[in-house]
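Asker: Put the complex together from the two separate chains, hints included.
What follows is the residue order along each chain.
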Amino acid sequence: QKEVEQNSGPLSVPEGAIASLNCTYSDRVSQSFFWYRQYSGKSPELIMSIYSNGDKEDGRFTAQLNKASQYVSLLIRDSQPSDSATYLCAVKKTNAGKSTFGDGTTLTVKP
Amino acid sequence: DVKVTQSSRYLVKRTGEKVFLECVQDMDHENMFWYRQDPGLGLRLIYFSYDVKMKEKGDIPEGYSVSREKKERFSLILESASTNQTSMYLCASSGAQYLSDFGPGTRLTVT
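These protein sequence lines map, in sequence, to chains B and D.
By my numbering, the letter at position 16 of the first sequence is numbered 16, and the numbering carries on one by one without gaps.
By my numbering, the letter at position 105 of the second sequence is numbered 1105, and the numbering carries on one by one without gaps.
Hints listed in this document are in silico derivations from the structure and should not be mistaken for laboratory results.
These numbers were taken from a predicted model, which means no experiment stands behind them.
Some hints here could point you the wrong way.
A partial selection of chain B residues facing chain D, derived with a Cβ cut-off under 7 Å [what the hints assert, rightly or not]: (1) Pro-44; (2) Leu-46; (3) Phe-61; (4) Ser-99; (5) Gly-104.
Pair ranges (Cβ atoms, derived) [stated by the list, open to error]: (6) D/Pro-1061 x B/Pro-111: 43 to 49 Å; (7) D/Gly-1095 x B/Val-29: 22 to 28 Å; (8) D/Arg-1014 x B/Pro-111: 42 to 48 Å; (9) B/Pro-14 x D/Glu-1022: 33 to 39 Å; (10) D/Met-1027 x B/Tyr-39: 31 to 37 Å; (11) B/Arg-60 x D/Thr-1005: 42 to 48 Å; (12) D/Arg-1044 x B/Ile-18: 28 to 34 Å; (13) B/Arg-77 x D/Ser-1008: 37 to 43 Å; (14) B/Asp-55 x D/Pro-1104: 31 to 37 Å; (15) D/Pro-1061 x B/Ser-40: 38 to 44 Å.
Reference excerpt, derived from the structure (chain B facing chain D, CB under 10 Å, subset only) [what the hints assert, rightly or not]: (16) Lys-2; (17) Ser-26; (18) Asp-27; (19) Ser-32; (20) Tyr-36; (21) Gly-41; (22) Ser-43; (23) Ser-49; (24) Asn-53; (25) Asp-55; (26) Lys-56; (27) Ala-90; (28) Lys-98; (29) Thr-100; (30) Phe-101; (31) Gly-102.
Glycine is no exception: its CB is placed at the ideal position from the N, C-alpha and C atoms.
Bound conformation, chain D alone (with noise of 0.2 Å):
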């Protein structure tokens, strides 16, 4: 019953690495999402894509990037990271009006 997997789990990076955070779903969902989640400033939106190749900054994109190659696979790119992007990311996917399957979640630490 696989739907939206990530990369990893659990992740530990050093300041100034470039970090790459994987998400794959297999629902042939045309949406895809980057949310991070934060204690007390609950989730806030990256970036979210419509199409394969296309990408839309939502409300904290700066420091990331993405990348969408196929439909399937959306990539979320720390070009240098930095201690503040220490946090839980949520991949999620939908096909429809809402906003219906998240990843497992990635528990980023950059020390």
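Chain B on its own, in the form it takes in the complex (with noise of 0.2 Å):
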């Protein structure tokens, strides 16, 4: 079992929608949970990082968090075709220098 999984994808919304991005985790000490945005041909950026239960909302972005199902999601609203990309999940345990990356779903918003 993978430490941390992601739908494999890819996920194709509307612009306009709201598109979900979910990920889930193994280890249950896994304390800081981020996503980032990579697009194509360049590095990852993180956009969203999220420590406690329940929702952070930063503009069109919320995380989610649900550590007693170990599952943390990204929602998109008002999706833009800007917004396609890869978005990777990482978990961080506390006091651990590394970040544990899952594969990454891919996401297309299409005008």
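Answerer: Okay, here's the thing in structure tokens:
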């Protein structure tokens, strides 16, 4: 079992819709959770971090964390074609230096 | 606005060659990382460093070594390049809890 698993995708949504990206993790001691966006041919960039159960909103992005279910998600409201990218979920254990990444979900937003 | 730079964007080497990949950050970060990214396998951690002359193995250290003689520089060394090391190599640094800054990547081809 992989430490961090994401929907393999690809995910396609129409412009203006809500895109929902999901991630599960296997280690219950995980404490920090991150979403990165990676455009084709570019490096990943951090877009959201979440550390406690519940929702965290930043503009059109909402991260949701449920530690009991070992589940973290990213919602993108009013999706735009510029949101088309691969989204990487990453998990980190407190006091450990490394982040473990999922394989990523590729999102396409169609005009 | 230079943050994390890598010595080459594209590199072609022959099997058996010793390969050096250089990474430099200008943010005074303590932590630096080397990842490789392959289709279907996501981002995998090779080595990371918490401080000068400190190093820790990641998930796939076999065939690689690292050097960190100065805080701003973290080098990845392929002692004897093999074709299965053909990949995109990403350097990253962080001074905080999360992995914040990636370099542009080096696409290495070993023939």
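Asker: Hint by hint, note whether the structure agrees.
Answerer: Now the hints, each set against the structure:
1. Pro-44: Where the cut-off is 7 Å and the nearest Cβ of chain D is about 6 Å from B/Pro-44, the hint holds.
2. Leu-46: Interface hint status for B/Leu-46: holds (6 Å vs cutoff 7 Å).
3. Phe-61: Hint violated; B/Phe-61 Cβ to chain D Cβ min 15 Å, cut 7 Å.
4. Ser-99: B/Ser-99 check passes; min Cβ-Cβ to chain D is 5 Å, inside 7 Å.
5. Gly-104: holds, 6 Å
6. D/Pro-1061 x B/Pro-111: 43 to 49 Å: Cβ of D/Pro-1061 to Cβ of B/Pro-111: about 44 Å, so the range 43 to 49 Å holds.
7. D/Gly-1095 x B/Val-29: 22 to 28 Å: Holds, since D/Gly-1095 and B/Val-29 (Cβ atoms, about 23 Å apart) stay within the stated range.
8. D/Arg-1014 x B/Pro-111: 42 to 48 Å: holds, 45 Å
9. B/Pro-14 x D/Glu-1022: 33 to 39 Å: violated, 44 Å
10. D/Met-1027 x B/Tyr-39: 31 to 37 Å: violated, 22 Å
11. B/Arg-60 x D/Thr-1005: 42 to 48 Å: violated, 31 Å
12. D/Arg-1044 x B/Ile-18: 28 to 34 Å: 31 Å Cβ-Cβ, so the 28 to 34 Å window holds.
13. B/Arg-77 x D/Ser-1008: 37 to 43 Å: holds, 39 Å
14. B/Asp-55 x D/Pro-1104: 31 to 37 Å: Because 33 Å falls inside the window, the suggested range holds.
15. D/Pro-1061 x B/Ser-40: 38 to 44 Å: At roughly 28 Å between Cβ atoms, B/Ser-40 and D/Pro-1061 fall outside 38 to 44 Å, so the hint is violated.
16. Lys-2: holds, 9 Å
17. Ser-26: It is violated, given that the least Cβ distance between B/Ser-26 and chain D is near 14 Å, above 10 Å.
18. Asp-27: violated, 13 Å
19. Ser-32: For B/Ser-32, the interface hint holds, since the closest Cβ of chain D sits about 6 Å away, which is under 10 Å.
20. Tyr-36: With a minimum Cβ separation of about 8 Å from chain D (threshold 10 Å), the hint on B/Tyr-36 holds.
21. Gly-41: Nearest chain D Cβ about 9 Å off; hint holds.
22. Ser-43: holds, 4 Å
23. Ser-49: holds, 5 Å
24. Asn-53: violated, 18 Å
25. Asp-55: Where the cut-off is 10 Å and the nearest Cβ of chain D is about 19 Å from B/Asp-55, the hint is violated.
26. Lys-56: The hint is violated - B/Lys-56 has no Cβ within 10 Å of chain D, the shortest such distance being about 13 Å.
27. Ala-90: Holds, about 7 Å.
28. Lys-98: holds, 5 Å
29. Thr-100: Result: holds, 8 Å to nearest chain D Cβ.
30. Phe-101: holds, 4 Å
31. Gly-102: holds, 6 Å
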